[in-house]
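Dock chain L against the given chain P, drawing on the hints supplied.
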Amino acid sequence: GAGVSQSPRYKVAKRGQDVALRCDPISGHVSLFWYQQALGQGPEFLTYFQNEAQLDKSGLPSDRFFAERPEGSVSTLKIQRTQQEDSAVYLCASSPRAFGGGYNEQFFGPGTRLTVL
Amino acid sequence: DAKTTQPPSMDCAEGRAANLPCNHSTISGNEYVYWYRQIHSQGPQYIIHGLKNNETNEMASLIITEDRKSSTLILPHATLRDTAVYYCIVGGSNYKLTFGKGTLLTVNP
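Residue numbers (my numbering), protein chains in the order written: chain P, -7 to 109; chain L, 27 to 135.
Only chain P is shown next, with the shape it has when bound in the complex (with noise of 0.2 Å):
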């Protein structure tokens, strides 16, 4: 079945333009994740979705950071006025569980890659 798919895959930028990254989960999924990571490094969390609720944002970076989910489904993680810093890949994740007990199995997706000039 389809996975967690993610657009656009590159996308580069130029310093202190706006992007917009989507992010389509698995269908179904109620709990959706993002994460960033830098060259060489693990992924590190950014925000996460129970259905259309942000329940966690407390790894984006920056004000200049925003994601929303607003029908529970689709995401989309915005960065305003783009730095150096921010080029890194972000990942989505999504999971069929609402969590409050019990494993965790998440499902990535390929990444944006993001370089901002």
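Just so you know, the hints here were simulated from the structure itself, not pulled from any lab data.
Do not rely on the hints blindly, as some may be mistaken.
[As the list claims (entries may be wrong)] Among chain L residues calculated to face chain P with C-beta under 8 Å, some are: (1) 69; (2) 72; (3) 117; (4) 122.
[To be verified] Here are the computed distance ranges between Cβ atoms for each label pair: (5) P:43 - L:67: 29 to 39 Å; (6) P:95 - L:45: 19 to 29 Å; (7) L:103 - P:12: 40 to 50 Å; (8) P:95 - L:95: 15 to 25 Å; (9) L:103 - P:53: 38 to 48 Å; (10) L:66 - P:79: 16 to 26 Å; (11) P:72 - L:135: 42 to 52 Å; (12) L:103 - P:33: 23 to 33 Å; (13) P:76 - L:29: 21 to 31 Å.
[To be verified] List of simulated lysine to aspartate or glutamate pairs, EDC-like, C-alpha gap at most 16 Å: (14) L:127 - P:36; (15) L:122 - P:97; (16) L:29 - L:57.
From the three backbone atoms N, C-alpha and C, an ideal C-beta is built for every residue, glycine too.
Same frame as chain P, now just chain L:
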């Protein structure tokens, strides 16, 4: 969530078993051990998880020591396509996965 320690890199010959160690000495009683891997230019892929008992699935086996302070992921017959970064993650019901730097496993022909 408990922290983990993994070797930065390992090599394995194709067709042999790959044994990837992980130390998690501060693990607490309700925390699971997860293994994910990330093949170059792809997103992480779930492999297996366990709480106390050893686990096996179609991809790998997970051996957790009795005191739960360490574990080993076993790929029984490594192939070239198993070359990837392998992440050992410890966590409870928290939805966050805290990745470290993982172990780069290189499977050689």
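Taking the Cβ atom of residue 103 (chain L) and the Cβ atom of residue 53 (chain P), is their distance within the range 38 to 48 Å? 42 Å Cβ-Cβ, so the 38 to 48 Å window holds.
CB of residue 66 (chain L) to CB of residue 79 (chain P), is that within 16 to 26 Å? holds, 18 Å
Quick check on a hinted range of 19 to 29 Å for residue 95 (chain P) and residue 45 (chain L), using CB atoms only. Between residue 95 (chain P) and residue 45 (chain L), where Cβ atoms are some 23 Å apart, the hint holds.
Residue 95 (chain P) versus residue 95 (chain L) beta-carbon gap, inside 15 to 25 Å or not: Holds, at about 19 Å.
Would the hint on residue 117 (chain L) be counted as holding, given a Cβ-Cβ threshold of 8 Å to chain P? holds, 6 Å
Could you grab the alpha-carbon distance between residue 29 (chain L) and residue 57 (chain L) and see if it respects the 16 Å cut-off? holds, 11 Å
Does the hinted range 23 to 33 Å hold for residue 103 (chain L) and residue 33 (chain P) at CB? About 30 Å separates the Cβ atoms of residue 103 (chain L) and residue 33 (chain P), which means 23 to 33 Å holds.
Verify the CB-CB distance for residue 76 (chain P) and residue 29 (chain L) against the hinted window 21 to 31 Å. About 30 Å separates the Cβ atoms of residue 76 (chain P) and residue 29 (chain L), which means 21 to 31 Å holds.
When the least beta-carbon distance from residue 122 (chain L) to chain P is tested against 8 Å, hint result: holds, 5 Å
Hey, residue 127 (chain L) versus residue 36 (chain P), does the alpha-carbon distance stay inside 16 Å? holds, 11 Å
Taken at face value, is the distance from the CA of residue 97 (chain P) to the CA of residue 122 (chain L) at most 16 Å? holds, 10 Å
Quick check on residue 69 (chain L) please, does its C-beta sit within 8 Å of some C-beta on chain P? Status holds, d = 3 Å.
Hint compliance for this structure: no hint is broken.
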